[in-house]
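Novice: The primary structure of each chain is shown beneath.
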Amino acid sequence: MTTTKPSATPQRPSSDDTPAAALHTGTSDPRTLILGNLRQSGIYVALVVIVALFAVLTDGVSLSPGNITNIVLQYSYILVLAIGMVIVIIGGHIDLSVGSVVALTGAVSAVLVIRQGQPWWIGVLAALAVGIAVGAWHGFWVAYAGIPAFIVTLAGMLLFRGLTLRVLDNISLSPFPAEYQRVAAGFLNGLIGGQGYDAFTLLIGAVAVAGYAVSVFRTRLARIRYQQPVESFPLFVARVLLVGAVIMYFAWQLAHARGLPIVLIILAVLVLVYGLVTRRTVFGRRVYAIGGNLSAATLSGVKVRTVNFWMFVNMGFLAAVAGVIYSSRSNGAQPAAGNMFELDAIAAAFIGGAAVTGGVGTVVGAMVGGLIMAVMSNGMQLMGVDQSTQSVVKGLVLLVAVAFDVYNKRRAGQAR
Amino acid sequence: MSDNILEMRHITKTFPGVKALQDVSLAVRRGEIHAICGENGAGKSTLMKVLSGVHPTGSYDGEIVFDGKPVHFRGINDSEANGIVIIHQELALVPYLSVAENIFLGNERRGAGGLIDWNRTNADAAELLASVGLRENPVTPIIQLGVGKQQLVEIAKALSKQVRLLILDEPTAALNDIDSAHLLELLRRLRSEGVTCIMISHKLNEITAIADSTTVIRDGRTVETLDMSSGEATQDRIIRGMVGRDLSSFYPDRVSEPGEEVLRIEDWTVRHPTQDRLVVDGANLNVRAGEVVGIAGLMGAGRTELAMSVFGRSYGRGVTGRLLVRGKQVRARSVAEAIENGIAYATEDRKRFGLNLIDDVRRNISAAALGKLARLGWVNGNEEIKVAEDGRRDMNIKAPSVMSVVGKLSGGNQQKVVLSKWLFTDPDVLILDEPTRGIDVGAKFEIYTIINRLVADGRAVILISSELPELLGMCDRIYTLAAGRITGEVPVGEATQENLMELMTKDREVAR
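Protein chains in written order, with UniProt numbering: chain B, 1 to 416; chain C, 1 to 512.
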């Protein structure tokens with residue numbers, strides 16, 4: 001008597017050595033490029049859809065020169081935080097303290113400049129120094145004491161909020177002198193004239209487009225020289241033209257409002273620098289390696305502690321930059337400044353495609369993620385949607401974005 | 001007919017692509033200690049998983065008869081309800097719970113209203129502890145006990161479930177000599193109390209000391225069952241049964257021309273990171289340029305631990321001994337220092353420890369020597385692509401491009417990525433830990449060819465493997481390791497599977 005049913009185990013194809021796709025040589029099919037990068041391109045599409053949606057819902061107000069300038073001014077510090085946050089998240093950690101650090105650095109700066117009458121740059125330097133010290137504190141506990149970053153920065157969130165209250169003696173300080181306000185809330189305007197618009201802003205826009213075109217063209221040439229797959233030439237040109245058009249439109253709108261916000265220049269420099277740091281430096285690559293597989297990184301000779309330490313020092317520095325920008329924009333320091341900023345920054349990084357488990361994410365992605373949040377908040381404010389609904393929508397967007405990420409990963413796992 | 005408590009008849013179990021068990025039969029007499037022997041991967045653990053319901057009924061072919069009745073276990077709860085309890089090699093105790101809580105985990109002693117009756121729990125636990133000869137307070141957290149005592153707690157837990165057939169998977173692999181002796185003594189006492197016991201073990205001296213019968217399994221098939229009281233059941237006979245397969249002509253030829261000594265370790269001793277025992281005990285070995293040196297040892301012998309401790313002390317604590325590279329004593333207290341000194345280590349578990357599976361081929365290849373591609377901290381991405389392309393071509397890595405994600409490649413190709421990574425560090429000596437585990441035959445041959453090319457280039461290779469034919473086919477010399485001690489060094493010309501297995505199972509004598 002046989003008592004068992006036939007085996008239900010599925011049989012795999014005999015060999016899995018055959019690569020799924022054919023070898024790429026020279027150019028490749030645009031569809032595979034787009035589909036292959038769905039995780040990245042998905043958020044660009046989402047951003048475009050959301051921008052278009054609110055442009056329609058607000059009868060174009062959301063795309064008006066004044067409003068675009070507003071979005072830049074209002075959300076720049078979140079974007080700065082998101083740069084540091086995405087690096088921390090790629091490394092497999094988290095930082096819950098950045099809101100408190102924004103408050104503390106702004107408070108230190110305000111005490112020096114407003115209460116003690118120091119020049120504006122003393123305030124800025126002191127804020128940056130405090131931010132770096134806070135980052136080193138977190139880095140020490142995470143990297144060398146081995147405490148999970150969640151705990152360390154949760155403690156830091158309370159700790160530095162408390163110190164903020166101490167530094168400010170529980171009262172708000174304002175106003176900053178005009179020079180300090182200009183740091184982040186000022187504009188470069190009328191440097192080379194223009195009739196009803198700012199020619200300088202347009203010039204900077206044009207320079208940015210030219211720089212972008214040259215840079216991607218050189219990358220393309222190098223790739224071809226090393227016989228790597230690149231997109232077909234018409235597609236490449238279309239991409240450059242599209243990006244150029246978006247930048248010029250953006251510059252055009254800014255030029256018809258108040259000119260080029262200084263904070264936008266700061267942000268652009270940071271995005272450029274950190275984009276390169278994450279992609280092109282040994283440090284950046286170590287961050288991805290640690291987040292991707294800690295054991296493998298350790299066994300490949302990566303000095304994990306050092307990298308973790310500097311990751312947090314950098315986060316502290318960027319939190320201080322955000323603190324300066326925020327205090328400059330709000331023209332003072334308040335005990336409750338920066339409340340919940342950490343959550344916006346974390347949301348931006350995750351919506352931008354960073355993986356909860358670490359090892360995946362990009363600075364540009366985090367910026368797009370942050371912009372999605374910014375355009376949504378701004379659009380809903382323009383429409384007069386109340387706070388409660390705004391919060392519900394933002395929460396759902398975050399959930400859907402991460403669910404998409406998890407789904408994608410599971411599918412990739414099955415494709416093996 | 002003898003009185004069999006268990007009969008497993010014609011068990012066949014297939015995993016995707018592999019036949020793990022093929023027509024295996026096992027008969028265990030009531031009240032005996034029955035040993036199961038076989039090489040790593042022979043199918044012992046799979047057989048026990050079939051028996052205990054981990055592989056549920058329907059996922060295998062064949063019949064299990066327990067106590068005269070055919071049984072169909074759908075899960076481990078079913079088998080435990082019948083009094084079959086398995087104790088795995090990796091102990092399944094919760095470290096921060098007390099001894100008593102662990103014993104009754106999932107089987108809690110309840111009182112009124114379904115609440116746990118702590119008095120009864122602790123009193124019952126104390127009784128069970130006494131029956132296994134463990135004098136510990138039942139409220140002591142498990143983490144405060146050594147492994148030997150934890151093993152006894154596992155047995156007490158089994159006894160609490162009215163065990164009739166106790167299965168122990170390598171119970172003494174992690175124990176020191178004294179604890180092992182205690183455990184064997186306890187098994188003898190349980191036998192006298194009527195508990196039947198199946199013991200998987202690599203230690204032949206223990207088997208000959210304690211077992212009533214021994215079943216030898218090789219390559220998923222039963223070789224034979226020996227009655228240990230008869231004169232025929234010698235260690236030699238068991239060894240022959242375990243290894244007796246043909247050495248295929250499957251290994252590419254190589255002319256061996258060893259040069260100067262590249263790496264030497266002297267009196268190398270490594271302690272377990274958390275437990276108080278030696279994992280490697282006074283090991284001495286050396287390897288010369290152009291030479292492949294094998295390390296043979298069964299599970300738990302300390303092969304990987306030895307290799308990882310040499311590689312920048314990535315395993316263990318209290319490492320002592322001398323490490324010499326090209327005759328000079330070197331300091332290699334971190335992985336980075338080990339790499340600088342020309343040592344590379346390709347791990348046995350490439351998915352967990354060897355590769356960043358979510359990143360691409362290119363970045364995995366450059367990971368261990370990224371500094372060579374960088375100036376002032378900036379990586380030259382184009383050079384990196386070139387290096388990766390070179391690796392892809394030299395190693396014949398079958399991937400759509402060097403930008404392909406490593407997690408999607410096959411095992412053999414992943415292993416080639418690991419080898420490319422280490423070759424890019426330009427090592428003098430490569431320690432390859434189970435380099436062909438889990439990869440198909442064709443890819444194995446490619447890996448062997450690559451190893452031969454490495455030594456032809458004047459590098460030295462230390463090859464750690466569970467497959468004796470692989471060591472015999474690839475190495476110039478083979479060291480055997482047993483319980484952390486090097487028990488032999490055999491030139492390949494004099495080595496046979498039998499004499500290696502004898503050295504690998506050579507342990508200190510166990511009292512009969």
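These are computed hints drawn from the structure, not numbers from a lab.
Treat the hints with caution; some may be incorrect.
Computed, partial: chain C to chain B, Cβ under 8 Å [what the hints assert, rightly or not]:
1. Y251
2. P252
3. V255
4. A332
5. V335
6. I339
7. G342
We treat Cβ as the ideally placed atom computed from N, Cα and C, and that holds for glycine.
Novice: Can you verify the interface hint for C/G342: is its Cβ closer than 8 Å to any Cβ in chain B?
Specialist: Violated, because the Cβ-Cβ distance from C/G342 to chain B comes to roughly 12 Å (cut-off 8 Å).
Novice: With chain B as the partner, please determine if C/A332 meets the hint condition of a C-beta pair closer than 8 Å.
Specialist: violated, 11 Å
Novice: Have a go at the C/V255 hint: is there a Cβ in chain B nearer than 8 Å to its own Cβ?
Specialist: Constraint on C/V255 not satisfied, violated at 30 Å.
Novice: With 8 Å as the cut and Cβ atoms as the points, is C/I339 at the interface with chain B?
Specialist: Holds: closest Cβ of chain B sits about 5 Å from C/I339, inside 8 Å.
Novice: If you take the shortest Cβ to Cβ gap from C/V335 to chain B, is it below 8 Å?
Specialist: OK, holds: C/V335 within 8 Å of chain B, min 4 Å.
Novice: Take the shortest C-beta to C-beta distance between C/Y251 and chain B; is it under 8 Å?
Specialist: At about 21 Å, which exceeds the 8 Å cut-off, the nearest Cβ of chain B leaves the hint on C/Y251 violated.
Novice: Does C/P252 pass the interface check with chain B, least Cβ-Cβ distance below 8 Å?
Specialist: Hint violated; C/P252 Cβ to chain B Cβ min 19 Å, cut 8 Å.
Hints 1, 2, 3, 4 and 7, counting from the list given before, are not met by this structure.
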